[in-house]
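Top line first, the protein sequences correspond to chains A and B. Note that the working numbering gives residue 27 to position 33 of the first sequence, counting from 1, and the numbers run on in steps of one. Note that the working numbering gives residue 567 to position 43 of the second sequence, counting from 1, and the numbers run on in steps of one.
No lab work stands behind these hints: they were computed from the structure. A virtual CB, placed ideally from N, CA and C, is assigned to each residue, including glycine. Don't take every hint at face value.
With a straight-line Cα cutoff of 20 Å, these simulated EDC-like cross-link-like pairs (lysine to aspartate or glutamate) come out [what the hints assert, rightly or not]:
1) Lys704/B - Glu878/B
2) Lys166/A - Glu863/B
3) Lys704/B - Glu584/B
4) Lys166/A - Glu690/B
Computed far set for chain A versus chain B, every beta-carbon distance over 10 Å [claimed, not checked]:
5) Tyr55
6) Leu115
7) Ala126
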Amino acid sequence: MIVLEKRPQASQLWSLATPVVAVLATMVFGGLLFALLGTQPVEAIRTIFWDPLFGEFAFYYRPQLLVKGAPLVLIAIGLSLGFKAGIWNIGAEGQYIIGALTGAGVGLAFYPLEAWYIFPLMVIAGALGGWAWAMIPGVLKVRFGTNEILVSLMLVYVAEQLLASMSLGLLKNPQGFGFPGSRNLNEYESANSWINQNAGLHWGVVAATIAVIFAYVLLNRHMLGFHIRLTGDAPRAARFAGVSPGRLVLFCLGASGMLAGLAGLFEVAGPAGQVSIDFNTGYGFTAIIVAFLGRLHPIGILLAGLLMALTYIGGEIAQSQMGLPAAAIQVFQGMLLFFLLALDLLTNYRIRLKSREVA
Amino acid sequence: MTILRRTLLAGAAAVTALGMATAAGAQDDKTKVGFVFVGPVGDGGWTYEHNQGRLAVEEEFGDQVETVFVENVAEGPDSERVMTQMALNGADLIFTTSFGYMDPTINVAKKFPNVKFEHATGYKTAENVSTYSARFYEGRAIQGLIAGSMTESNIIGYIGSFPIPEVIRGINSAYIQAKKVNPDVQFKIVWVYTWFDPAKEADAAKVLIEQGADVVLQHTDSTAPQAAAQNAGGVYTFGQASDMYEYAPEPRISSIIDNWAPYYIERTKAVMDGTWESVSRWDGIGAGMVGIGEITSAVPDDVKAAALEMKEKIASGEMHPFTGPLKKQDGSDWLAEGETADDGTLAGMNFYVEGIEGEIPQ
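I would like the entire structure built from these sequences, with the hints used as guidance.
Below you can see the structure in the form of structure tokens.
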């Protein structure tokens, strides 16, 4: 009989190996799914993982990886801080929207003035917007002991309503013939987050890189990072070590909200270009997967964000080149998380065969 | 400043590279036509009909064309990438079938001057970007006539997607005709802020039915409102974008069908012949872009006859759904006796006509 035996200590080896094994298992079972749908499985997997990186048009797709990956990494880094300490911000999507609204709002308020200080002001406004939106569940938790998972998630839907209202009203393009959506910030030099559009480089990519380094230093070299890890691993010990749980909640939610807000601002002022009703496309939720796929480790998140971006871009290519349905690609991405969580078991448990009779 | 200049130079180089790539991709003689869809091809409504148009193109030209499509493409940067990817892979003509693809289409078209783009329901054109849309409001007028005649509670429910001119035009058009046949009629409008979300659409339909509506019109793409009406019983609906005939003869008593096939075939042919030019096409019942689905036996004969007569008159141009005298909601004059609305006003319509209650969300 097969039994699971708890390891005395989490396995270092498996903790590193599971993401790789999960990706491989996804390839195998995803390939099987594609084969059942009547497409060439090997070609489909190659289209998804290989073509964007080394295919004929890689010169276009590689920069796109940065565009698609940057917001994921930026948001996931923030989320990982809280997740490590057992503080669950599920509402990054909402903070992302609010950051975009406040940031774009500041930019649009200056239109058509061209000045160097507009973009920095937008960045500050975007960060503050996301931070403030995350402070709602934060303060409610600290003051009244509400559940931050529920409150932050519910605020996503509130943010979506605000987004719709802003696109139809306050931020609507006065020259848009009555159609919803703001002015396009890509046509407004001072409010543009692109550094080099063809290289896929915008300030969000820079910010994501800085966030990775910053989080790494914070978690490994700084007292606050130690407190975060300690709270997650041993809450009671953390209390004895003088960690204030309330302050930690506010810090983690605030930091993740701020980074999500920044991601929204950089997106709206760059790749998206405008505030529109359908501005948010799920980065805030996908980032949760990215955070776990990256083992809540800054470097891991960086790699996971790029991998996730790769499956999106490769998935689109597979759709148009091989006629795979969009749903198959989504199942494929879902498999990745499923295998990761399933295999995670091996980090904390080992499989033992108790009796040899069973073949 | 140096950063800026470098950006521009690098940008120019990359654009040249993109242009060369298309030249290479376009070498084979098949005409490649790409379609970018906002929903799944199985939505039974908007995207379904665009996909029918794609299949018609394949049927018409057989081996001479190759079509590709990507479904469920989010509006914004994702759509820009999908379009670029199609153009890189040698598409000669790309149909982008949702309003939110407007700016992305223009952006990508700039990088690929040799690829033709067709954007549905937008207003921005370029040398290689056309726009096309259908005069759905013509079909709405007929729906309004039938709805106004069929309602007994005198409350007609209307599920709006987004408060944009396209949808507001439909509400006004339906209301004007409903009011003509039934002066006591009242419209209740619910905005769901989505084009396709069966759960939200079903909720909206239920709310409207609970408020007494016995006819529900929808400007969203799923069949969920039809199902909700069927469950409630005694409520009539109309198919939207697609025939939705599986709900006939009741609750679905007629429908507006988008028929993109003739246009898609015509434009593909133009690309093949090298005669493609940028146009802004807005066709209605007359040109066959808007179809009226079978009016079922649930509708009395005289109402059916009146509806068909109106269809004929609109098709021939004898009747315009927006003919004065008409006032705006605030009571100000809009169209004088016998005057018809011009396309510019219709395209940007952001007001209700007199009699409709409620405000357009801002």
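Right, here's what the structure says about each hint:
1. Lys704/B - Glu878/B: Since the Cα atoms of Lys704/B and Glu878/B sit roughly 13 Å apart, the hinted pair holds (cutoff 20 Å).
2. Lys166/A - Glu863/B: 31 Å, violated
3. Lys704/B - Glu584/B: 43 Å, violated
4. Lys166/A - Glu690/B: It holds: about 16 Å lies between the C-alpha atoms, which stays within 20 Å.
5. Tyr55: Check fails; 8 Å does not lie beyond 10 Å.
6. Leu115: 19 Å, holds
7. Ala126: 24 Å, holds
Hints 2, 3, 5 from the list above are not met by this structure, while the remaining hints are.
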